[in-house]
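Asks: Required output: the full structure, derived from the provided sequences and hints.
Using UniProt numbering, the first residue of the sequence shown is number 1, and each one after it goes up by one.
Worth flagging that the hints you see were computed from the coordinates, not collected in a lab.
Some clues are possibly wrong.
To be verified - Label pairs and their computed distance ranges (CB to CB):
| hint | residue 1 | residue 2 | range |
| --- | --- | --- | --- |
| 1 | Ala216 | Arg189 | 31 to 37 angstroms |
| 2 | Val226 | Tyr138 | 46 to 52 angstroms |
| 3 | Val211 | Tyr125 | 51 to 57 angstroms |
As the list claims (entries may be wrong) - Here are the computed lysine-lysine pairs in the DSS-like style, where the Cα-Cα straight-line distance is at most 25 angstroms:
| hint | residue 1 | residue 2 |
| --- | --- | --- |
| 4 | Lys131 | Lys158 |
| 5 | Lys262 | Lys142 |
| 6 | Lys263 | Lys131 |
| 7 | Lys248 | Lys262 |
| 8 | Lys161 | Lys145 |
| 9 | Lys136 | Lys289 |
| 10 | Lys248 | Lys263 |
| 11 | Lys289 | Lys145 |
| 12 | Lys289 | Lys142 |
| 13 | Lys289 | Lys131 |
| 14 | Lys140 | Lys256 |
| 15 | Lys102 | Lys289 |
| 16 | Lys161 | Lys136 |
| 17 | Lys262 | Lys140 |
| 18 | Lys174 | Lys142 |
| 19 | Lys147 | Lys289 |
| 20 | Lys131 | Lys247 |
| 21 | Lys263 | Lys142 |
| 22 | Lys262 | Lys147 |
| 23 | Lys263 | Lys136 |
| 24 | Lys161 | Lys102 |
| 25 | Lys136 | Lys158 |
| 26 | Lys131 | Lys262 |
| 27 | Lys174 | Lys289 |
| 28 | Lys102 | Lys145 |
Cβ atoms here follow ideal geometry from the backbone N, Cα and C, with glycine treated the same way.
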Amino acid sequence: QFPQDRYEVPSTQIDDDDGEEPLDNEVFTQKSLSQRQETINNQKGSELFKKYIGIAHKRAQLEIEREVHFLSERGVQETPVGTQEPKDLNPVMRVDFLLQTKAYQDLGTTNPLESLVERTNNFLYGLWYNKHITQKQYEKLKVNKEKAELAHLYFLPKAHKPGTPLRPIMSGLKSPTIEISRWLDSLLRSLFDRLAINTTVKNGLQLLQQVERWSATYLTPATSFVTMDVTDLYTMIPQEGGVTAIKKLMEAFGLKQIDGVKKEIILALTRFVITNNYFYLDGTTQISKKINDLKPNTRKI
Numbered sequence: 001q002f003p004q005d006r007y008e009v010p011s012t013q014i015d016d017d018d019g020e021e022p023l024d025n026e027v028f029t030q031k032s033l034s035q036r037q038e039t040i041n042n043q044k045g046s047e048l049f050k051k052y053i054g055i056a057h058k059r060a061q062l063e064i065e066r067e068v069h070f071l072s073e074r075g076v077q078e079t080p081v082g083t084q085e086p087k088d089l090n091p092v093m094r095v096d097f098l099l100q101t102k103a104y105q106d107l108g109t110t111n112p113l114e115s116l117v118e119r120t121n122n123f124l125y126g127l128w129y130n131k132h133i134t135q136k137q138y139e140k141l142k143v144n145k146e147k148a149e150l151a152h153l154y155f156l157p158k159a160h161k162p163g164t165p166l167r168p169i170m171s172g173l174k175s176p177t178i179e180i181s182r183w184l185d186s187l188l189r190s191l192f193d194r195l196a197i198n199t200t201v202k203n204g205l206q207l208l209q210q211v212e213r214w215s216a217t218y219l220t221p222a223t224s225f226v227t228m229d230v231t232d233l234y235t236m237i238p239q240e241g242g243v244t245a246i247k248k249l250m251e252a253f254g255l256k257q258i259d260g261v262k263k264e265i266i267l268a269l270t271r272f273v274i275t276n277n278y279f280y281l282d283g284t285t286q287i288s289k290k291i292n293d294l295k296p297n298t299r300k301i
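Replies: Laid out in structure tokens, this is it:
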């Protein structure tokens, strides 16, 4: 018996027409010369954006290398609890982050791992027994209790932002729900990419190309650009709101199932993953649970 969703979901339409028209390079009129000059100016802008992207990429690489080094140190330990923390991270900042977001529940030192493994496997067995998933899917998703570990929550400071806020990073490669999350991601990723293709800007160069395309119709000398930085974006997404987003995503394409798995089962699995995120707070034996957000171990969902 799966919980009924309480939301009415409107369907949406996808517009695949990007509205681009090819430039006519064969006619050398005054207008075409002007267009060529604009193209030259845009190319200069592209070079600046490329330089910016290069710097951003290097910074991201440094963060990734640091995370890999951090995780490799954790990997050689017998216990999932880390004993060292980044030297430049103030423990008070971690506590402030947890209190400020109100997205975490402190469970003390009681370890829920054994119970979580059992509940996960029982849930999956019920889906298989009732023919909602195949035997192969069940074998792929069920948890090996000998290898399962709770996730870790640790933090990296965002040195490039005012006040040096924290970036929460969850290491949950052996979490009991990680295989379910990966499987859901494989089912839903292509849908999300198709739906968001016309509204997603991946980098500065793509932004420049979008502005060039919009400029023909929408941009004037009086146009203002506004940027917004959403604080703790994933952390503050309500869990049930995340389930509703998945429901909207599927209904936008008129899908009642994906790869033979019914929408209700996908939503039930999604809800199970995002409501069972237990983790160690890095450097301690303190165990907490996510109560308000989609991550960790939810990838695209």
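Asks: Confirm or reject each hint.
Replies: Hints and how they fare:
A hinted range of 31 to 37 angstroms for the beta carbons of alanine 216 and arginine 189 is consistent with their spacing of about 32 angstroms. A hinted range of 46 to 52 angstroms holds for the C-beta pair valine 226 and tyrosine 138, which are about 49 angstroms apart. Distance hint check: the CB atoms of valine 211 and tyrosine 125 are about 53 angstroms apart, consistent with the given range 51 to 57 angstroms. Straight-line distance between C-alpha atoms of lysine 131 and lysine 158 comes to about 47 angstroms, which puts the hinted pair past the 25 angstroms bound.
In summary, the hint linking lysine 262 to lysine 142 is supported, as the alpha carbons are separated by about 19 angstroms, within the 25 angstroms threshold. Straight-line distance between C-alpha atoms of lysine 263 and lysine 131 comes to about 14 angstroms, which keeps the hinted pair within the 25 angstroms bound. Annotation: proposed proximity of lysine 248 to lysine 262 holds, straight-line Cα distance about 14 angstroms (limit 25 angstroms). Annotation: proposed proximity of lysine 161 to lysine 145 is violated, straight-line Cα distance about 41 angstroms (limit 25 angstroms).
Distance check on the hinted pair: lysine 136 and lysine 289 sit about 30 angstroms apart at the alpha-carbon level, beyond 25 angstroms; violated. Between lysine 248 and lysine 263 the alpha-carbon distance is near 11 angstroms, which keeps this suggested pair within the 25 angstroms criterion. About 20 angstroms separates the Cα atoms of lysine 289 and lysine 145, which keeps this hinted pair within 25 angstroms; it holds. As the CA atoms of lysine 289 and lysine 142 are separated by approximately 21 angstroms, the hinted pair is consistent with the 25 angstroms bound.
Among the hinted pairs, lysine 289 with lysine 131 is inconsistent with the structure: their alpha-carbon atoms are about 31 angstroms apart, more than 25 angstroms. In summary, the hint linking lysine 140 to lysine 256 is supported, as the alpha carbons are separated by about 23 angstroms, within the 25 angstroms threshold. Straight-line distance between C-alpha atoms of lysine 102 and lysine 289 comes to about 11 angstroms, which keeps the hinted pair within the 25 angstroms bound. Simply put, lysine 161 and lysine 136 have alpha-carbon atoms about 46 angstroms apart, too far for the 25 angstroms limit, and the pair is violated.
Taking the CA atoms of lysine 262 and lysine 140, the gap is near 18 angstroms; set against the 25 angstroms cutoff, the hint holds. At roughly 12 angstroms between alpha-carbon atoms, lysine 174 and lysine 142 fall within 25 angstroms of each other, so this suggested pair holds. Note on lysine 147 and lysine 289: the hinted pairing holds, with a Cα-Cα distance of about 20 angstroms set against a maximum of 25 angstroms. At most 25 angstroms may separate the alpha-carbon atoms for a hinted pair to count; lysine 131 and lysine 247 meet this at roughly 21 angstroms.
For the proposed pair lysine 263 and lysine 142, the alpha carbon gap of about 20 angstroms is at most 25 angstroms, so the pair holds. The suggested pairing of lysine 262 with lysine 147 is violated, with an alpha-carbon distance near 30 angstroms, which exceeds 25 angstroms. Simply put, lysine 263 and lysine 136 have alpha-carbon atoms about 19 angstroms apart, close enough for the 25 angstroms limit, and the pair holds. Distance restraint check for lysine 161 and lysine 102: the Cα-Cα separation of roughly 22 angstroms lies within the 25 angstroms cut-off, and the hinted pair is therefore satisfied.
Between lysine 136 and lysine 158, the direct Cα distance comes to roughly 42 angstroms. Violation of the 25 angstroms bound is thereby established for this hinted pair. Using a Cα cut-off of 25 angstroms, the hinted pair lysine 131 and lysine 262 holds, with the two alpha carbons roughly 11 angstroms apart. Restraint check for lysine 174 and lysine 289: the C-alpha separation of about 16 angstroms stays at or below 25 angstroms, so the hint holds. This hinted pair does not check out: lysine 102 and lysine 145 have alpha carbons roughly 31 angstroms apart, beyond 25 angstroms.
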